[in-house]
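Protein chains in written order, with our numbering: chain S, 1 to 271; chain C, 1 to 347.
Note that these hints are calculated values from the structure, not bench results.
Take the hints with a grain of salt, since some may be wrong.
Stated by the list, open to error - Derived Cβ-Cβ restraints for the label pairs, each shown as a range:
id: 1; chain 1: C; residue 1: Glu82; chain 2: S; residue 2: Leu176; range: 16 to 26 Å
id: 2; chain 1: C; residue 1: Asp257; chain 2: S; residue 2: Pro190; range: 45 to 55 Å
id: 3; chain 1: S; residue 1: Phe128; chain 2: C; residue 2: Arg145; range: 45 to 55 Å
id: 4; chain 1: S; residue 1: Ile109; chain 2: C; residue 2: Leu265; range: 49 to 59 Å
No experiment lies behind these values; they were computed from the predicted model shown.
For glycine and all other residues, C-beta sits at the position ideal for the given N, C-alpha and C.
Below are the chains, spelled out letter by letter.
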Amino acid sequence: MRRLLRRGGAMFGLAVVAFFVLIALLAPWIAPHNPLATNWGAVRQAPGAAYLFGADELGRDVLSRIIWGARASILAGVVSVSISLSLGVPIGMLAGYLGRWVDALISRITDAMLACPFLILAIALAAFLGPSLANAMIAIGISATPVFIRLTRAQVLAAKSEDYVEAARALGNPHLRIALRHIFPNIVAPLIVQATLAIAAAVIAEASLSFLGLGQQPPAPSWGSMLNTARNYVDQAPWMAVWPGLSIFLLVLSFNLLGDGLRDALDPRQK
Amino acid sequence: MLAGTFVSQPLLRAERLVKHFKAVRAVDDISFELYTGETLALVGESGCGKSTAGRLLLRLIEPTSGKVWFDERDLFGLAEREVRLLRREMQIIFQDPYGSLNPRMTVRDMLAEPLALHGLAKGKQPERVAELLRLVGLGPEHAGRYPHEFSGGQRQRIGIARAVAVEPRLIVCDEPVSALDVSIRAQVINLLQDLQRRFGLAYLFIAHDLAVVKHIAARVAVMYLGKIVELADKRALFAEPRHPYTHALLSAIPVPDPSLKRERLVLQGDVPSAHRPPHGCRFHTRCPHARERCREEEPPLAAADGHSVACHFWKEIEPFTSASRLTPVNERLTRLQAAFHTGGGSS
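Isolated chain S, as found in the complex (with noise of 0.2 Å):
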């Protein structure tokens, strides 16, 4: 943790992802307006006084649906790549150890998964859930899950032949041990850095499924789908555009920033 603050990007990525995880949690208190207020005398308003962001197609504060579109964002991010990481890392790490069959198996069904584009089978799975914020966050779960299995499987593959696996071996270590106590620790820097980026691409992939009403429902407010609507007014009234746009842009980037830096500081060999 030392180590992580000397970083001075992922200190910047830190401050920023707990600054969106403080106004998500804070939402309730700290926006101005309601988020689905309608205001038909403040339509497209332009960043003013009494909207500090402006105001969107329906006179909605657009700084109000910013500061509550945190929560559906982070929680898309956070909870689909928490889904990806406790499929993917289990079963790609008992393709990676088992080998034989088993691998066989789970590689062949990832490859089948992996042929499919991401966001497609975002949405095929979104769809055959059902259209909510829930739903959406297990399709993309599971969407980015072949990509962790992949990823493991390798990092155990190489760990694997490292001598001091044979060691573990050699001193009678039983396999579940070997697994959990001398692979896992190794393999890890390179998931969390893929885990950051992974909640970067959910966070854009929550924006379309909601843009598609396969995400966050409206009224209700999130980036993305703000971001798909303003498209249609970039012209009149590009304020609605370039807030969400922002922000994504910002927790996106803290992302990885912080996962680089958490790649440094977990690496004991880095000084």
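Please arrange chain C on chain S, whose structure you already have, making use of the hints.
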């Protein structure tokens, strides 16, 4: 030898061990015995199967065929659980001091793990860890550190401490000093010898040259392409090597005197592929003494007065002893050296 002399049981007996990796015959029918407290060196160039043989003896890999008897127990007949228990008795030290220690474990964790696994030093683990560290020339203050904080030699000492922690009877040393600086090799060899004397350890010492082996081994087995071609007492092997391959290995030992040069027997060509080992004697493609019979008939490893060799014509080949065939490099160097020795004090 007198009839009725007590002949001790070998600690370990390898019987016709074979390991093929798909088509590659890494180890092809080798047999030998290892006695308590002795060091048997397994020597050969890289790819000859010596490391594979070492791993077979510990059942870190499964053999294609053959048996290993450890303390009269059939190692490959044991169930997984029993093998795990038996690992207390047999350990391994690796060549690469960087890859053999888990980078995410402190030295303390690494040394405490084998103790916990085998229920040793219960309630006195910290003391035992400190004792192990002292045993290999490190201090208790090193216990909290990670492997990357140590030098190669220190890491190798940690690896040795880990192997010794379970008080084994056999340690397979897989080229334990090849990756170390020449300056610290002797220290590590001395440490290994010291531990052997204290605990009566048996070593299978794997090496790729005979120079290292000279100091530590009691007996030497020379391997070539998956086979043992010569197996003898160290003295006998160095004094009168029988196999032409051993001659070549001996001629490659550096001479510690710069004014002398040894005639080198440089083998022609590369080691043939273990995919398709040559017919007949496997060494015939590179052997300066090869004849027609060598191409057709594979020589068995046959013993004569305790010195085994797998060569049809060893009796007819002039032995290459380590002391022979030394010639002065040149006149000037010899003179320079003489001047250095006599005129050391004057300025």
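Hint numbers not upheld by this structure, sorted from lowest to highest: Those not satisfied: there are none.
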